[in-house]
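Trainee: Chains as they are written, first to last, in my numbering: chain A, 1 to 406; chain B, 1 to 261.
The hints are simulated quantities; they were obtained by calculation from the structure and are not laboratory data. A couple of the hints might just be wrong.
[What the hints assert, rightly or not] With a Cα cut of at most 25 Å, we get these calculated SDA-like pairs of lysine to any residue:
id, chain 1, residue 1, chain 2, residue 2
1, B, Lys77, A, Lys6
2, B, Lys154, A, Arg391
3, B, Lys77, A, Asp276
4, A, Lys6, A, Cys57
5, B, Lys154, A, Ala62
6, B, Lys154, A, Arg226
7, B, Lys154, A, Ser116
8, A, Lys61, B, Arg156
9, B, Lys77, A, Phe183
10, B, Lys76, A, Arg189
11, A, Lys61, B, Leu158
12, B, Lys154, A, Gly190
13, B, Lys154, A, Arg390
14, A, Lys61, B, Glu153
15, B, Lys70, B, Arg177
16, B, Lys154, A, Gly64
17, B, Lys77, A, Arg187
18, B, Lys154, A, Leu384
19, B, Lys154, A, Phe183
20, A, Lys61, B, Arg177
21, B, Lys154, A, Arg187
22, B, Lys77, A, Asp286
[To be verified] If we take Cβ atoms under 7 Å as the criterion, some of the chain B residues that face chain A in the derived model are:
id, residue
23, Ala83
24, Met84
25, Arg88
26, Gln91
27, Asn92
28, Arg94
29, Phe96
30, Asp98
31, Cys111
32, Asp136
33, Tyr139
34, Thr174
Idealized CB from N, CA, C, for every residue including glycine.
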Amino acid sequence: MRRILKAVLTAIWFMALTLPVMGIKLNTLDQTVQWRFDRILWLGAGVFALAVIWDWCFSRKARGLPLLRLPKGWGAGLRNLSGRPHLKTGGLAILTLFMLVMPLTSSFYQTNIMISALLYVMLALGLNIVVGLAGQLVLGYVAFYAVGAYAYGLLYQFLGWGFWACLPVGGILAVLFGLALGFPVLRLRGDYLAIVTLGFGEIVRLALQNWTSLTGGPRGISDIPRPGFFGLEMDINASTTYVYYLVLAAVVITIIMISRLKNSRVGLALQALREDEIACEAMGIDITRVKLSAFALGSCWAGFAGVIFAAKTTYINPSSFTFMESAMILSMVVLGGMGSIAGVVIAAMILILAPEYLRAFSEYRMLIFGAIMVIMMIFRPQGLISGERRRYRISALHGAHNGGRA
Amino acid sequence: MRPVLEVSGLSQDFGGLRALSDLDLRVDANEIVALIGPNGAGKTTFFNCVTGIYTPTEGQMFLYDADDGKHLLNGKKPHVITAMGMARTFQNIRLFSDMTVLENVMVGRHCRTRAGIWGALSRDGHTRREEQESIDISYALLESLHLQNLWNEKARNLSYGAQRRLEIARALATEPRMLLLDEPAAGMNPQETHELEILVRGIRDARNLSILLIEHDMSMVMSLSDRIYVMEYGSCIAMGKPEEVRANPRVIKAYLGESDA
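Excised from the complex, chain B in its bound form (with noise of 0.2 Å):
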């Protein structure tokens, strides 16, 4: 399989908080990677390095592009690291909320078109088509998440499950190769999970995109993953395909506990 995503010996600390150690982590093309881990294991602080919102303080993180370039992300800007092909969600939703769910979608365009202040001033013909199909892509989009018709709302007004989809629709704006969902099922019921499942694996499929995500919610984690990744105290415990995880015993170990015996 070729790889999309590949992260090697990533380390991060915070003054004398060791965050992150010597992770290894891998995400092939087309393949949905789960990872899981107790509260604090340093799922999230991941998605920061990937993302480029935190410096990793030691290792190495490369993203590979359709012609199987490899290209560091270490040290690179986020607007420049989402402009390689990596978009994510947050596990608390960060919508633009005054705008609505259209222009958030057309924000996430933003990456993929050009026109400048020059451009907005005289709204010259090349201006005005990037900018329509800008919005019909942008419609398309919410139309495949099912937020169609909710598309001049304003984005507060959503319901909770509905602005989860809408942040995966601006991400998906970005034309990603890789995509990060930040807990994508929180606070969602099991109805809910079960069509945002669905609609992950469908996303992957007609898309031909590689997704990472972290997420407690375990049934949707054990059927919709390729492979998952535990993590605890910020290193890597166990890896492998779901049912091997469910029976390692240093998984059980860390979100059960040990036993007495």
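So that you can see chain A by itself, here it is in the shape it has in the complex (with noise of 0.2 Å):
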């Protein structure tokens, strides 16, 4: 009753505050006033409806209930079908048949959407290592994105280079960035790096875009050739299918190789590193090493999506890598789960295509996208998926008990 009561207060604070803009038309030929009061009414019993809602979902959460309840006996049928290994190899074919017959049965426009949405899942998947797993807040990474597109660009605009040689090039000088920003910040945590990262981000900008004899300023760089294969011929759409294997192929290279690193020793370190600095420090664990590789390893991804991201737009400029990029990817990391690899893929796929997909709102999109992510963090501020954890095989129990779940 209560929560009626309040939700109808809502809704008239609501129905008062807006009067103005939405319920009265002025009419200046006619020089009358409109009063639009079913307008008023509709946005009334919206509001109120929302409250309702709201306040349901928060008592929940504040009785620790999850949001949906499930009819009896689903919740533990779905646990059995997660823990089903030919589900899940099942699952895995078909998404992995889906991917590779994508390009061909849909449109050039569609391919393009997938390709730059993959592009984002190796980009957050690579600041899931710093963010993630190491507990760094980066915010400029979009400028090892950055150099990776740049290097491309101006290797091939001054010295010809191929794509083939620049991945390699882009992801080392990259990784050269990430050392010589990770030296100063050593020191630094939380909200300072944040600030310093966020800076760095800037200065790559900022000198992109003014060292105009270089880079060629706010004019970017243009005609960068797509990747070659083996000096075959293609056609635009052809390259772009080409482009579109080649994306595929990187991203799943690199959810391979995250996994292995997630799980071995230098990642149980990396993970120490963000539980607790003094105690990881004391366990014996380098951590001036650790931070650097974390930085090292991160930048790596971004400069080999930069260079792949050059040669798929042939043209590059500083506006592909303002603040609202790094933002972005810190996004996906977050939405998807700090440290989890699957989250991250799930939640850079959401983030990029959805706003595609959803052109028709297109006005509402960033609305939306706001209100989705307000709602997660209060509800669910881990991730979409969160505490995934290898399982051990202990030598001592193997057999005896079955492992990973005592």
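Dock chain one against chain two, each of which comes alone in its own frame, and use the hints as you go.
Mentor: Shown next as structure tokens:
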């Protein structure tokens, strides 16, 4: 009852607030005032419904209940399903098939969207090493992406280097920039680190923007060649399909590499660094080295992604590397769940693909986006997927018990 | 007796404040030594100096290796000192709380394992063997501290006593010769304290290491330690066997205050 009353009050408050904007229309030709009460009523009803739902969600959250109550038996059923290995392989096989066939059956436009989504997956996974695993809040990640892209653009423009020669160079250059950033910020953490890295991102972008003699300034670099395939001549469609497969392969390699890294000795050290720096040091971990490795590994993927981006769009300029991009990539990591690989992949896909397919609601895109972010952070701050843990096999237990679920 | 840790003339200033002044301390092989004193006497500061978190203003600290080689600790970084054979726990528990119990101990194995980034990416035979070995050693350590049933729990979900034991397990994973325990019994009930005492003695006997502990629980200190150092205002006011220290008038004064007579 009280909930209803509260919602009614909210609705009335909202109606009063929006009355001047929504409810009154001045007709300047006839010099008359039109009252549009129907709109206000609709708005009130909408706000009322939302307020009831919102309040209900919060009360469930306060009582520690899940937002959606599955019918009896479903929860256990779902857990059972996710435990079945053949179902998982089956799902993966369908996904693989879809990803492989996708460019052949879809339009040029769809393929291009998917390429950029996959590029963001790569970037988000790279940032996930730094932010999700090592817990170093970096806000200027796009700088390394820019380094990769400009490495290819400039090496092509001045030396005529091809895509395949530039791919490793872009990665290495990004690593060098990562280390260059890493050394001075070794002692910083948290907010301070975030501010310095934010500044670093801006420095790189402004340098690209203003160093006209080298980078072409705001005009950027154009006519960058698409990646070659043993000198084969390709039209733009074939070439896009080719880039698609290239990015897909890169993403698969990235996922394998990062999941291996996450579960390794180095990965454990990174996570220990995130949890407690002093204890980490006292347990015999060289935190200088671990931090620099995190920066180097993270920026490396951004470098690769940058080279591919330059090759895909054939044109780069500094406006592709604004802070907005860094924020976007960081959102993917946070939304997906810090340190979770599957979560970050899903989040990157959602954040890139959803706006593309929601173009019909283009005016409300950012509004929906913001609302989703706020709701996620309130009701599921740990991200879409959290706590995915490796299952260890203990020799002493093996055979006797079912390892991993003790 | 052969020494393991030898500290002479150690002083630590924080600006104008002298937190430690001219402290001498020595721990022999296989010995359990307690460091006691009122709050603020400088006990934890001493631990932080010895483990490399602080750089002492004056004095020298040496750690002896298994072949009696003498190594200076001054100016070495914490992770180097840990690799030399010194491990510690923390007064305010500092576990890696979002990692599992087993992973916490595996982090302790870091300085005794070698696999790098290339090993992690290629997962060659050597890396996989080393990793399995590290998992099994860590699990065995958990067994010896009665934590094996909790191995796959997140560290944050453990009870207080279990968290304290996990800190010890993690420290032992670094294969120390010298183990520093900072108030291991803090917040434990008498029953748990008694169990901890048996555990600590068992660790010393089984692993052939020396233990230096800070503790406020006097019954535990008196029955567990071979020798006791008493600190007050940053300097050592008494040293000796438990019964000697108990009878020392300066110690009584430091703890109970001066009598009016």
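Trainee: Please name the hints from earlier in the document that this structure breaks, with their numbers sorted from lowest to highest.
Mentor: Those not satisfied are hints 1, 6, 7, 19, 20, 21, 24, 26, 27.
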